[in-house]
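*Asks:* Given next are the chains, with one letter for each unit.
2 protein chains.
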Amino acid sequence: MPLDELLTPPDRQQREARQDHRGVALLLTGLPAAGKSTLAHALEARLLALGGQCLVLDGDRLRAGLNQDLGFTESERQENLRRAAEVAALLVEAGMVVPMAMIAPLASHRQLLAERLGADYREVWCRAALHTCERRDPKGHYALARAGKLADFTGVSAPYEPPQTPALILDCDTRSVAQNVKRLLQWMATERLLGPSLQRALSSH
Amino acid sequence: MPLDELLTPPDRQQREARQDHRGVALLLTGLPAAGKSTLAHALEARLLALGGQCLVLDGDRLRAGLNQDLGFTESERQENLRRAAEVAALLVEAGMVVPMAMIAPLASHRQLLAERLGADYREVWCRAALHTCERRDPKGHYALARAGKLADFTGVSAPYEPPQTPALILDCDTRSVAQNVKRLLQWMATERLLGPSLQRALSSH
Numbered sequence: 499m500p501l502d503e504l505l506t507p508p509d510r511q512q513r514e515a516r517q518d519h520r521g522v523a524l525l526l527t528g529l530p531a532a533g534k535s536t537l538a539h540a541l542e543a544r545l546l547a548l549g550g551q552c553l554v555l556d557g558d559r560l561r562a563g564l565n566q567d568l569g570f571t572e573s574e575r576q577e578n579l580r581r582a583a584e585v586a587a588l589l590v591e592a593g594m595v596v597p598m599a600m601i602a603p604l605a606s607h608r609q610l611l612a613e614r615l616g617a618d619y620r621e622v623w624c625r626a627a628l629h630t631c632e633r634r635d636p637k638g639h640y641a642l643a644r645a646g647k648l649a650d651f652t653g654v655s656a657p658y659e660p661p662q663t664p665a666l667i668l669d670c671d672t673r674s675v676a677q678n679v680k681r682l683l684q685w686m687a688t689e690r691l692l693g694p695s696l697q698r699a700l701s702s703h
Numbered sequence: 499m500p501l502d503e504l505l506t507p508p509d510r511q512q513r514e515a516r517q518d519h520r521g522v523a524l525l526l527t528g529l530p531a532a533g534k535s536t537l538a539h540a541l542e543a544r545l546l547a548l549g550g551q552c553l554v555l556d557g558d559r560l561r562a563g564l565n566q567d568l569g570f571t572e573s574e575r576q577e578n579l580r581r582a583a584e585v586a587a588l589l590v591e592a593g594m595v596v597p598m599a600m601i602a603p604l605a606s607h608r609q610l611l612a613e614r615l616g617a618d619y620r621e622v623w624c625r626a627a628l629h630t631c632e633r634r635d636p637k638g639h640y641a642l643a644r645a646g647k648l649a650d651f652t653g654v655s656a657p658y659e660p661p662q663t664p665a666l667i668l669d670c671d672t673r674s675v676a677q678n679v680k681r682l683l684q685w686m687a688t689e690r691l692l693g694p695s696l697q698r699a700l701s702s703h
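Same order as they appear, the protein sequences are chains X and E. Just remember that our numbering sits 498 ahead of the position in the first sequence, which is counted from 1. Just remember that our numbering sits 498 ahead of the position in the second sequence, which is counted from 1.
Derived by calculation from the structure, the hints in this document are not laboratory data. Treat each hint with caution, since some may be false.
Note: identical chains are not told apart, hence a pair may lie in one copy or across any two.
Straight-line C-alpha distance at most 25 angstroms; calculated DMTMM-like pairs for lysine to aspartate or glutamate [unchecked claim]:
hint: 1; residue 1: K637; residue 2: E584
hint: 2; residue 1: K680; residue 2: D518
hint: 3; residue 1: K637; residue 2: D509
hint: 4; residue 1: K680; residue 2: E572
hint: 5; residue 1: K637; residue 2: E514
hint: 6; residue 1: K680; residue 2: D509
hint: 7; residue 1: K637; residue 2: E591
hint: 8; residue 1: K680; residue 2: D650
hint: 9; residue 1: K680; residue 2: D618
hint: 10; residue 1: K637; residue 2: D650
hint: 11; residue 1: K647; residue 2: D669
hint: 12; residue 1: K680; residue 2: E503
hint: 13; residue 1: K647; residue 2: E584
hint: 14; residue 1: K647; residue 2: E613
hint: 15; residue 1: K680; residue 2: D556
hint: 16; residue 1: K680; residue 2: D502
Given the sequences, and given the hints that come with them, work out the whole structure.
*Replies:* Below, the structure is given as structure tokens:
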């Protein structure tokens, strides 16, 4: 079609076919400092390098912007996740891979995402022991929480319910970021979230 | 860099250079049924066809999802726009063109977007006479508003303040969608929102 007559953007199916991957929201759940954001951005880096469409939704960043009006009561945590799910849905509809780096500590939180996103949702558990995360503590939040200066902090003063049936578990204790992103991409390939040409590009590296 | 070592996604500047256009939020403001959403999607269609990155934020769609908890009081309209601006900021940071099809009826509403988005914000007035919009009335909202069955409806029972200093005015009364999207792209080129290779691709069509 001549460009001048092009008035309607490609639909989701056309976008997915063109870019050879599905639109999908990948919740990267885990304790604070498990490495969720780092992994999300490493995945984004690789998918972009391969010509894919990817945008990270980072829980901390959402809380500094879209969700800055929300605190950490249970109803506010739910609203935080509801909004994240709605933004993810918008991006997934446009055919993007959306790594969501969010603690999402309770099964009910993950359920909320699963219900909103349906078949476009996968749960990836970034599993790391509490003592590993507490030793890393890049933002000093664990120290503050232990000192009683940070309330409702997951792992210390608020619970983290381990996912019961995650689609994938990544060992964020002993594996490197590079190893984990490789594992994540392999899994996406076997789940047919990535198409054949992207799979070939990955395996040729 | 070998793919295996790639852990950090390109920053905004790198993305903009690669795709040869800037990340920018374009508010398409105007009366209901002026043609804002249609124009937004036509722009998206062309930019995607040219290899650009574009995602429409449509006010109606946001109200059905992310902002479904909000009504039409003044404070709710402001929160509606605040959230839209935050999502737009996220996308603009990733280097995307973000046509925002939203009524944004008051100068104070547009000011809110301008302040949040700063240099990444442009205001495009989709100008159409009230009687034109009312004659179109694709959703029957004008008829409902005239019958007193729809409160706070912009143009009938709520004010629309014409933009005083829009970056661009499009004649949505007499010009076709194809004409207006062409004008919009030409303007983006002169504003250097589109780089040289995209400009060449446009002018060769």
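*Asks:* List in ascending order the numbers of the hints, as given earlier, that are violated by the structure.
*Replies:* 4, 5, 8, 11, 13, 14
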